[in-house]
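Residues per chain, in single letters:
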Amino acid sequence: MLKIDNLHAKVDDKDILKGLNLTVAAGEVHAIMGPNGSGKSTLGHVLAGRPGYTVTAGSARLLGQDLLELDTEHRAHLGLFLAYQYPVEIPGVSNMEFLKASVDAVREHRGDPALDSMSFMKKAREACKAVDLDLAFLKRGVNEGFSGGEKKRNELMQMMLLEPKLCIMDETDSGLDIDALQVVASGINAMRSPDRSIILVTHYQRLLTFIEPDHVHVLSGGRIVKSGDKSLALELEERGYAWLEDVA
Amino acid sequence: MSDFMREALAAAAQRAPAWLEPVQARGRNLWGKTTLPNRKTEAWKYTSLQALQQPFSAPAPQARGAAISEASLPQLDGPTLIFTDGQYRQDLSNTAVPSGLSLVRFGDATAEQAAQISAALGTAVLPGRHVFSPLNDATLVDGVFMAVAADTQLEEPVHIAWLTTGQNESTSITQRLLVCMGPNSQATLVESFANTATGGTAFTNGLTELLLDRGAHLSHYRLHLEQGDVVHIGGVHARQGADSQLHGFHLALGSVLKRIDLVVDHQGSGAHCSMDGLYLPRGTETVDYHTCMEHAVPHCTSRERFRGIIADEATAIFNGRIHIHPEAQKTRAELSNKNLLTSNKAEINTKPELEIYADDVQCAHGATVAQLDPLALHYLRTRGVPRDEAEVMLSYGFINELVEEIGQPVIKAFLKPLLAKRFAHDARLARHIL
Ligand SMILES: Nc1ncnc2c1ncn2[C@@H]1O[C@H](COP(=O)(O)OP(=O)(O)OP(=O)(O)O)[C@@H](O)[C@H]1O
Ligand SMILES: [Mg+2]
Chain D
1 MLKIDNLHAK VDDKDILKGL NLTVAAGEVH AIMGPNGSGK STLGHVLAGR
51 PGYTVTAGSA RLLGQDLLEL DTEHRAHLGL FLAYQYPVEI PGVSNMEFLK
101 ASVDAVREHR GDPALDSMSF MKKAREACKA VDLDLAFLKR GVNEGFSGGE
151 KKRNELMQMM LLEPKLCIMD ETDSGLDIDA LQVVASGINA MRSPDRSIIL
201 VTHYQRLLTF IEPDHVHVLS GGRIVKSGDK SLALELEERG YAWLEDVA
Chain S
249 MSDFMREALA AAAQRAPAWL EPVQARGRNL WGKTTLPNRK TEAWKYTSLQ
299 ALQQPFSAPA PQARGAAISE ASLPQLDGPT LIFTDGQYRQ DLSNTAVPSG
349 LSLVRFGDAT AEQAAQISAA LGTAVLPGRH VFSPLNDATL VDGVFMAVAA
399 DTQLEEPVHI AWLTTGQNES TSITQRLLVC MGPNSQATLV ESFANTATGG
449 TAFTNGLTEL LLDRGAHLSH YRLHLEQGDV VHIGGVHARQ GADSQLHGFH
499 LALGSVLKRI DLVVDHQGSG AHCSMDGLYL PRGTETVDYH TCMEHAVPHC
549 TSRERFRGII ADEATAIFNG RIHIHPEAQK TRAELSNKNL LTSNKAEINT
599 KPELEIYADD VQCAHGATVA QLDPLALHYL RTRGVPRDEA EVMLSYGFIN
649 ELVEEIGQPV IKAFLKPLLA KRFAHDARLA RHIL
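In the order they appear, the protein sequences are chains D and S.
All residue numbers for the first sequence refer to the working numbering, where the first residue is 1 and numbers rise by one.
All residue numbers for the second sequence refer to the working numbering, where the first residue is 249 and numbers rise by one.
Please keep in mind that the hints were generated in silico from the structure rather than gathered at the bench.
Treat each hint with caution, since some may be false.
[Claimed, not checked] Straight line, CA to CA, 27 Å or less: simulated DSSO-like cross-link-like pairs of lysine-lysine:
# : chain 1 : residue 1 : chain 2 : residue 2
1 : S       : Lys664    : D       : Lys122
2 : S       : Lys599    : D       : Lys139
3 : D       : Lys18     : D       : Lys165
[Unchecked claim] Part of the chain D face toward chain S, derived, beta carbon under 8 Å:
#  : residue
4  : Lys10
5  : Pro35
6  : Gly37
7  : Ala48
8  : Thr54
9  : Thr72
10 : Glu73
11 : Leu82
12 : Val88
13 : Pro91
14 : Ala101
15 : Ala105
16 : Gln158
[What the hints assert, rightly or not] Computed list of chain D residues with no C-beta within reach of chain S, every gap over 10 Å:
#  : residue
17 : Glu28
18 : Pro51
19 : Val55
20 : Arg75
21 : Gln85
22 : Val93
23 : Glu97
24 : Lys100
25 : Asp104
26 : Pro113
27 : Ser147
Note that beta-carbon positions come from the ideal geometry of N, C-alpha and C, so glycine has one too.
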C-alpha cells in the first residue's frame with residue numbers, strides 16, 4: 001500500500017523529516033506515537049503535498065505510484081486521505097457543497113458512477129449518523145465555528161464518504177469526549193477492510209484499546225526510531241519516551 | 249464645461265414635457281459651471297474619467313425592437329418597466345398596477361403628478377454630493393415616477409430595467425427614478441441595468457431618488473449587470489423620515505467604468521438603513537462605490553456590508569463615509585468592507601471616512617483586503633477537489649453570506665448561478681455551488 005524510503009523534508013527552511021522509513025501493507029493499521037514536535041503531522045502534510053513542505057530526499061509510493069510527483073488532488077483521487085489534527089475552517093463554503101464536490105471528484109477519477117443528489121444525501125445522512133453529528137452541520141460552513149470534537153467527527157465523516165485506500169488520522173482522538181471517542185473508534189473500526197490501510201497518529205494508548213493496531217511506531221527527531229506490536233504502546237504509556245535510544 | 253455631451257444636451261432640450269423645462273434649465277445652468285472631476289478631486293482620486301473622452305449623443309428617437317433574452321434579467325411578475333437604449337419599451341413592459349401604486353413615466357404624468365414630481369425631484373440630492381446630477385437634470389426627458397400611497401403594502405416587487413443592446417455607438421442614456429413612499433407604506437423595488445449583447449459603447453447617467461416618509465419600508469435592489477464598454481455613473485440618494493426602513497442590496501459586475509454613489513440622509517428619528525453590496529470587476533474593469541450615511545438626527549441606525557472580489561488587472565474603489573451630526577446622539581452606525589484580490593495585479597482602494605460630531609454614538613467600521621486562503625485551498629484539494637474548482641468555491645464563498653440573505657427569492661435564484669459562473673471560466677466549475 002504505502003512505502004516510504006529515507007524521506008527527508010523541510011518546512012520553510014527547517015529540516016523536520018530526517019530519513020523516515022515506513023512500510024504499510026494493505027489492510028493493516030499502524031499507530032504512530034512520539035513526542036510533540038517530532039514530525040508526525042509533518043509526515044501527513046508532506047504526503048498530502050501541503051505548500052511550504054519540501055521533500056529534499058527519499059521517496060513515497062502509494063499503491064505503486066510515486067506520490068510525491070502528484071498534485072494534491074490527484075493524491076486524493078489515488079486514495080490518500082489525511083484527517084487533520086487541526087481541520088481548516090472555510091466560512092462561506094457549506095459543508096454539503098464541499099462534501100459533494102469532493103465525492104464527485106474522487107468518484108469520477110476512480111471511474112465510479114456519479115451519485116445523484118438523492119443517493120448522495122442518503123449517504124451523507126448515514127455518515128452524519130455514524131459520527132453522531134446533527135444534520136444541521138451539513139448546512140454550516142466547512143468546520144466554521146465547529147467545536148474541536150465536532151471538527152474531528154467532521155473529518156471522519158468525510159473519510160467515510162470518500163472511502164479512501166490509505167487513511168492518515170492525525171490525532172483524531174485528541175479533543176474528543178469519552179462518548180465521542182467510542183463513536184469515532186467504532187467508525188474507524190467499521191472502515192477497516194483488507195484493501196484499506198490506516199495510520200493512526202496518537203498520543204494515547206486509550207484509542208488503541210478500541211482500535212487494535214498491527215504495528216506501533218515511535219517517531220522522534222524526524223525518523224521512526226522504534227517499531228513493535230501493540231504492546232509497545234502499553235510500554236510507552238508506562239515509561240514515556242526517555243528510555244528509548246535515539247529519542248531526540 | 250466638458251462638451252462630451254453637447255449633442256445629447258441639445259437633443260434633450262427639444263424633447264422634454266413643458267413642465268420639465270425648468271428642471272432642465274436649472275441643470276444646464278449648473279452643469280455649465282461644473283468642471284469635470286479629475287484625479288486631484290478627492291472623491292475621484294482613484295477613478296479616471298478617461299472613458300468619457302469621446303462624445304456621446306442622445307439615443308435614436310425610434311426604439312428598435314431588439315429582442316431581449318430572458319436570461320439577462322430576473323423574471324419578476326409585478327409591474328415592470330423596460331427601457332432599451334434609453335427608450336421605453338411598451339411591448340416588454342407590464343404596466344398593470346395594484347391600487348395604492350402610481351408608476352408613470354414623466355411624459356405620461358397627469359398635471360397633478362407633474363406637480364408632485366416637480367416639487368420632489370432633486371430634493372434628495374444633497375448639494376454638492378453628486379457631480380453628475382446637474383447633467384442628469386439637463387438631459388432628463390424620460391424619468392419614472394413611483395409613488396406608494398400611505399399605508400399601502402405592495403405584494404409584488406416593482407421592476408424597472410434599463411438595457412443596452414449594443415446596437416448603437418456612443419449612446420448616452422439618462423436614467424432617472426423618483427420614488428415617494430407614503431407614510432407606513434411598504435414596497436420592494438428592483439432596478440436592473442444590463443446589456444443584452446456586447447459591442448457598442450454607452451454612457452448611462454443614472455440617478456435614483458428615494459423619499460421615505462414616516463414609517464415607510466422599502467427593499468431596494470439595484471443590480472448593475474452591465475459589462476463591456478458601458479460607462480455607468482450615477483447613484484442613489486435617499487432621504488429617510490422617522491421610523492422608516494431602507495434595505496438596499498447593490499451589485500456591480502465590472503464594466504469599463506462604474507461609479508456609483510449611495511447617499512442616505514437620515515432625517516427622522518428612528519430611521520434604519522441597511523445596505524449590502526457586492527462588486528466584482530475583472531479584466532481591466534473599474535468599479536467605484538462611494539457610500540455616505542448622513543446621520544442628522546438622533547436614534548438612527550445604519551449597517552453597511554460591502555464585499556468585493558477583484559480579479560485580473562481590475563480596480564475597485566470603496567469609500568464609506570459616515571457623517572454623524574452634533575444632534576445625532578444615540579446613532580448606531582456599522583460599516584464593514586471586505587475585499588478579496590484573486591490576482592497580484594488586482595487593485596483595491598478602500599477607505600472609511602468617519603466624521604463624528606456627537607459623543608453618545610456607536611460607530612464600528614472595518615475594512616480588510618485578503619487573497620484566497622492558501623490553506624483553505626489546499627484543504628479542499630486534499631479532498632480531491634481540483635484546484636480551479638476549489639478557487640471558484642472559495643471566491644463564491646467570500647460573497648455567499650450576503651447572497652444567502654437576499655430576501656427576494658426570485659432575485660436570489662437569478663443571482664446565484666450568475667454569480668457562481670462569474671468566477672468560473674467553465675460552468676462545470678460552478679456546478680456544486682448551485
Ligand atoms: N513553518 C514552520 N517553520 C519552522 N518550523 C516549523 C514550521 N512548521 C512546523 N515546524 C516545526 O516542525 C516540527 C514538527 O512539527 P509537527 O507538527 O510535525 O510535530 P508533531 O509531531 O505533529 O507534534 P504534535 O504531537 O505536537 O502534534 C515542530 O518543531 C514545529 O515547530
Ligand atoms: Mg501533530
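(request) Determine which of the earlier numbered hints do not hold for this structure and return their numbers in increasing order. (result) 2, 4, 5, 6, 8, 18, 20, 22, 23, 24 and 25
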